[in-house]
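One point on numbering: in numbering that gives the first Met the number 0, the residue at position 285 of the sequence shown is 284, and numbering is uninterrupted.
25 Å max Cα-Cα, derived SDA-like pairs, lysine to any residue: (1) K394 to L338; (2) K23 to V46; (3) K270 to A91; (4) K55 to R7; (5) K394 to D331; (6) K270 to Q237; (7) K281 to G229; (8) K394 to T378; (9) K281 to A91; (10) K20 to A74; (11) K346 to A126; (12) K173 to N99; (13) K176 to G244; (14) K346 to R377; (15) K173 to L240; (16) K123 to T146; (17) K57 to L298; (18) K185 to G129; (19) K270 to G242.
FRET-style restraints, in silico, Cβ to Cβ: (20) G89 to E39: 18 to 26 Å; (21) S388 to G129: 40 to 48 Å; (22) E27 to A153: 57 to 65 Å; (23) Q128 to Q237: 28 to 36 Å; (24) Q237 to I287: 22 to 30 Å; (25) R95 to G279: 24 to 32 Å; (26) N70 to A202: 51 to 59 Å; (27) L198 to V412: 51 to 59 Å; (28) D53 to N416: 55 to 63 Å; (29) G398 to N70: 56 to 64 Å; (30) N73 to E39: 21 to 29 Å; (31) A81 to K183: 42 to 50 Å; (32) A10 to Q237: 28 to 36 Å; (33) G129 to R400: 43 to 51 Å.
If you are wondering where the hints come from, they were derived from the structure by calculation, not from laboratory data. We put the CB at the ideal spot given by N, CA and C, even for glycine.
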Amino acid sequence: MFDSLSSRFSATFSSLRSRGKISKDDIESMSGQIRQALLESDVALEVVDSFVLDIKEKAIDAIASMQAGTNQANAIFEIVNASLVEILGGQARRVRFSKNPPTVIMLAGLQGAGKTTLAGKLAKFYADQGNTPLLVASDLQRPNAVTQLQVVGASIAVPVFAPEPGNGVGDPVKVAKAGIEFAKAKQYNMVIVDTAGRLGVDADLMKQASDIRDAVAPDEILFVVDAMMGQDAVRTSQAFLTGVGFDGVVLTKLDGDARGGAALSIASITKRPIMFASTGEKISDFDIFYPDRMASRILGMGDVATLAEAAKKAFDGDTSAKLEAKFASGEDFTLEDFLDQLSAMSKMGSMSKLLGMLPGAGAMRKEIENFDEGEIVRTRAIVESMTPSERRDPKTLNGSRRARIAVGSGRRVSEVNTLLERFSAAQKMMKQVRQTGMPAGMGAPAMAPPKNQAKPKKRSKSGNPAKRALEES
Numbered sequence: 000m001f002d003s004l005s006s007r008f009s010a011t012f013s014s015l016r017s018r019g020k021i022s023k024d025d026i027e028s029m030s031g032q033i034r035q036a037l038l039e040s041d042v043a044l045e046v047v048d049s050f051v052l053d054i055k056e057k058a059i060d061a062i063a064s065m066q067a068g069t070n071q072a073n074a075i076f077e078i079v080n081a082s083l084v085e086i087l088g089g090q091a092r093r094v095r096f097s098k099n100p101p102t103v104i105m106l107a108g109l110q111g112a113g114k115t116t117l118a119g120k121l122a123k124f125y126a127d128q129g130n131t132p133l134l135v136a137s138d139l140q141r142p143n144a145v146t147q148l149q150v151v152g153a154s155i156a157v158p159v160f161a162p163e164p165g166n167g168v169g170d171p172v173k174v175a176k177a178g179i180e181f182a183k184a185k186q187y188n189m190v191i192v193d194t195a196g197r198l199g200v201d202a203d204l205m206k207q208a209s210d211i212r213d214a215v216a217p218d219e220i221l222f223v224v225d226a227m228m229g230q231d232a233v234r235t236s237q238a239f240l241t242g243v244g245f246d247g248v249v250l251t252k253l254d255g256d257a258r259g260g261a262a263l264s265i266a267s268i269t270k271r272p273i274m275f276a277s278t279g280e281k282i283s284d285f286d287i288f289y290p291d292r293m294a295s296r297i298l299g300m301g302d303v304a305t306l307a308e309a310a311k312k313a314f315d316g317d318t319s320a321k322l323e324a325k326f327a328s329g330e331d332f333t334l335e336d337f338l339d340q341l342s343a344m345s346k347m348g349s350m351s352k353l354l355g356m357l358p359g360a361g362a363m364r365k366e367i368e369n370f371d372e373g374e375i376v377r378t379r380a381i382v383e384s385m386t387p388s389e390r391r392d393p394k395t396l397n398g399s400r401r402a403r404i405a406v407g408s409g410r411r412v413s414e415v416n417t418l419l420e421r422f423s424a425a426q427k428m429m430k431q432v433r434q435t436g437m438p439a440g441m442g443a444p445a446m447a448p449p450k451n452q453a454k455p456k457k458r459s460k461s462g463n464p465a466k467r468a469l470e471e472s
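Start from the sequences, fold in the hints, and give me the full structure.
Below is the structure:
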């Protein structure tokens, strides 16, 4: 979503770094470029003006107080980064749990923002942390909304309280209130209330939402907004803040190709933090919103922290420990180990998203967009078509065996050969790292003498003890 904005920021700072000593005019030019980039990304005008004025004043003060030889461009970069984190909300905020369970979370927002799917994602997120959430179907207006929530709940093994069929039948306020009582009786420690939306803000929507709020006294009201709405997202959030009130924002469809102005505007204008972000269609494509990590992505520095967390979740601890032990003991990395790694990578989600979290990913945007997600599936098919003994010892893979594997995986023999060649190269690199501490081509070979270099001849030692002692000293 922020690819275009990230590219503009990167170009601006690249130009700034090439100047060496930075003048006030350079800062004026940089501020103008950033302002233009933010406006083109649909960021609200008042947010843009405040942001640009803030970084301009701080940057001018910074260069005036810097000593000669200081890296001025980096200092200004840090100022922009800090200001960007600030308008995104400052720090990540978690849900405030009630001292007397259940903790009640009410979802509000327009129809089409993705509240029902978001309810399931939120429930799964907290269920994975050991909580016992209950979903309450209080959207009795939208066709099949109750059925959709039931399907979502069944897919994540979270119960759904749905006494009414919906489709215009039933009282949503009574359902919400009964859901809380049911949760208390069954000792659920969290209740997530899915409410109805409208295609636009109107009096009926606000009345129903405020009535549910008054009936259930939620610990958190989360405003769910489509991140692709642009300027409308800001206007809608202000209307909900006035009519119902909310404690935090959840951005959905953050993986879309819109310009992303909503994310940079809502927190600043409403003074309410963005608490969660939905980044895809899968239930697992959901996490806490970290302003510093999002700022890092926008400025082209990647998001290594989120990438590391995804890897930690995907890679089984026992498998990782076993692989580390093998590496330390000098055992070869086998195709069975490789298959374990491929399985873990599949759990991490889209490779394009993961590659996009790497620092400098903006410069490889086209390559990342064109990355073939099916490559991992095809590679797994080839490895899984081998016998366990063949995976442990790829040297046994002669021509006939490779042909059999190609048929079994539905691939060509040339693809099998290419995979084995790359795997062999990876094995050699791992051996090099184990022996020298760095891969080949990084300076390790230079530590060893050239193959054809003649060894220096040993000097004969004097037979005179006194003379020999002098020579040795």
